[in-house]
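*Asks:* Now for the letters of each chain:
Protein chains: 2
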Amino acid sequence: MLIGSIEAGGTKFVCAVGNENYQVQDQVSIPTTTPNETIKAVIAYFKQFELDAMGIASFGPIEIRKNNPLYGYITTTPKPNWHNTDLLGQIKAAFDVPTTWTTDVNGSAYGEYVMSTLSNEKIQSLVYYTVGTGVGAGAVMDDHFLGGIGHPEMGHTFVKRHPSDLDFKGICPYHADCLEGLVAGPTFEARLGQKGETVPLTDPVWDILAYYLAQAVIQATLIVRPAKIVFGGSVINNMLLDKVRQSVTEQLNGYVELPPLDQYITRPAIANNGSATLGNFALGLKELQS
Amino acid sequence: MLIGSIEAGGTKFVCAVGNENYQVQDQVSIPTTTPNETIKAVIAYFKQFELDAMGIASFGPIEIRKNNPLYGYITTTPKPNWHNTDLLGQIKAAFDVPTTWTTDVNGSAYGEYVMSTLSNEKIQSLVYYTVGTGVGAGAVMDDHFLGGIGHPEMGHTFVKRHPSDLDFKGICPYHADCLEGLVAGPTFEARLGQKGETVPLTDPVWDILAYYLAQAVIQATLIVRPAKIVFGGSVINNMLLDKVRQSVTEQLNGYVELPPLDQYITRPAIANNGSATLGNFALGLKELQS
Chain G
1 MLIGSIEAGG TKFVCAVGNE NYQVQDQVSI PTTTPNETIK AVIAYFKQFE
51 LDAMGIASFG PIEIRKNNPL YGYITTTPKP NWHNTDLLGQ IKAAFDVPTT
101 WTTDVNGSAY GEYVMSTLSN EKIQSLVYYT VGTGVGAGAV MDDHFLGGIG
151 HPEMGHTFVK RHPSDLDFKG ICPYHADCLE GLVAGPTFEA RLGQKGETVP
201 LTDPVWDILA YYLAQAVIQA TLIVRPAKIV FGGSVINNML LDKVRQSVTE
251 QLNGYVELPP LDQYITRPAI ANNGSATLGN FALGLKELQS
Chain D
1 MLIGSIEAGG TKFVCAVGNE NYQVQDQVSI PTTTPNETIK AVIAYFKQFE
51 LDAMGIASFG PIEIRKNNPL YGYITTTPKP NWHNTDLLGQ IKAAFDVPTT
101 WTTDVNGSAY GEYVMSTLSN EKIQSLVYYT VGTGVGAGAV MDDHFLGGIG
151 HPEMGHTFVK RHPSDLDFKG ICPYHADCLE GLVAGPTFEA RLGQKGETVP
201 LTDPVWDILA YYLAQAVIQA TLIVRPAKIV FGGSVINNML LDKVRQSVTE
251 QLNGYVELPP LDQYITRPAI ANNGSATLGN FALGLKELQS
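If you're matching them up, the sequences are chains G and D in order.
Its first residue numbered 1, the first sequence is counted upward by one per residue in this note's numbering.
Its first residue numbered 1, the second sequence is counted upward by one per residue in this note's numbering.
No lab work stands behind these hints, which were simulated from the structure alone.
Check each hint, because a few of them may be wrong.
Note that identical chains are pooled: a pair holds if it fits in a single copy or bridges any two copies.
Pairs of lysine-lysine residues, derived as PhoX-like cross-links and limited to a Cα-Cα distance of at most 25 Å, are as follows [said to hold, decoys possible]: (1) Lys286 with Lys169; (2) Lys160 with Lys243; (3) Lys122 with Lys66; (4) Lys79 with Lys40.
This structure is a prediction, so every number in the text was calculated from the model and none was measured.
Chain G extracted, bound-state conformation:
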């Protein structure tokens, strides 16, 4: 069995081919330039294989309502050239196999969810946050994605401001100081005038980020009640997650019973940013078998 995976990102499309055990057989990274150029290269890559199914996890916003004429499109993205791109339609036109369509963060959430089953942890629900250039999240509940009239956009909720951070205006073009506007990667430059990679782990800014990310954990916890919350993305490191756990303990103040926080709030179990690829394999396989 061969399943194709497309993790469509703003800078690159990670394309992979895997088997029914979710093992990567081949993988390539294609730069995100124009839809024509990138999608053509993606199709050419997969034409080398006899695929049985495909899974696509895309940057967004995307249309996920099957009864909508724009189902399968990347819709209102600010990314130049990619506004209203029928990504799913072009892939399906090239490959006559069962193909799934969800957000990049849902793909990662599903990969981590499946991994919990493979590793005998067997949780029933999981939220996956990515904290990088932007902030997004996906969620799996009992093998289904959370979402009603659209997919979650958890990065843009508001949070209580940290007392040492009241003068920072935030960088979200829509909301200024929503979660993304306060913790996304570019906030390092905005607050400190330096790239995040160069900020020492002793800088107090990490406490501020942890305070806000802890509130994201509390929102997801009290609204969704997942069994686990996973954090991926370039801003995340072990020290930061330790601070997040400590801040959750302080701010939530024992209000609901949670698993031990080192198991509840974690980095991805799947190495090398492979969560969405594994998720796509599993979703494609599930689609094929249904």
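Assemble the complex: chain G is given as a structure, and chain D must be docked to it using the hints.
*Replies:* For chain D alone, kept in the frame of chain G given last:
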């Protein structure tokens, strides 16, 4: 067909009997005193009828995981005498009929969800907030309740503080200025020294409440993406909901496409606080038919 409904609240148990068309045939209100006394009266009431099924929607926190030894219990409530009360078990011991068990706000959410189908609105997802002595919420997604390792506790997330309200400490005993600590009924006394019912609609406090409730709407919107958000509870009035809609428009700033806000953010469609009763009828009937 006769279905029993118990809406177990902190001050009263509303017990009703309805038919397969969700019409109330009989209803009584029993004061919440001690578990022994109240549950005995509830059982005596329902013994008058030949019930086919029952639905219970209870104040919480409650245990909803069927594989947990405390399933069916009201667990860590601060309400005197009611800590660790096996409400479902006592009802099931008295009535050998299919019986459902969920939170009061989930019961209300389900009632409003079913009503949308009866009224031809036919939404697939709905969040129901109650704003009264406390703040709580329940959610239905594709005929299932939202929740993983427990039921939602959406009233205790944090929000960005209103610039004119920075000196108010909040009244939540766990979190001080979480949503409940900033908007629940008793905040009127804490801020103004008067009961909510006596606060004129021209008081600026309503703008403050609307600002926070709009952030609750934004959290539920961006995390769950429901088709509708319904507000019940003694604090809610039409003018407040108008202010909430306006504040959502300003704070969310067009980030995601929503239904017209007068349809998206509403008061209950079911009159006379009957949402949970109708929800229980529908849940009991569904359990019977499954």
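*Asks:* None of the hints should be skipped; say for each whether it holds.
*Replies:* The hints, checked one at a time:
1. In this homomeric assembly, Lys286 and Lys169 never come within 25 Å of each other (Cα to Cα): the closest approach is 45 Å inside a single copy and 50 Å across copies.
2. With identical chains, the CA atoms of Lys160 and Lys243 are at most 25 Å apart both within one copy (17 Å) and between copies (21 Å).
3. In the homo-oligomer, the alpha carbons of Lys122 and Lys66 lie at most 25 Å apart only across protomers (16 Å), although the nearest pairing inside one protomer, at 29 Å, exceeds that limit.
4. For the identical chains of this complex, Lys79 and Lys40 are intra-copy neighbours only, at 18 Å inside a copy versus 64 Å across copies, given an alpha-carbon limit of 25 Å.
In summary, the structure is inconsistent with hint 1 from the numbered list given earlier, while agreeing with all the others.
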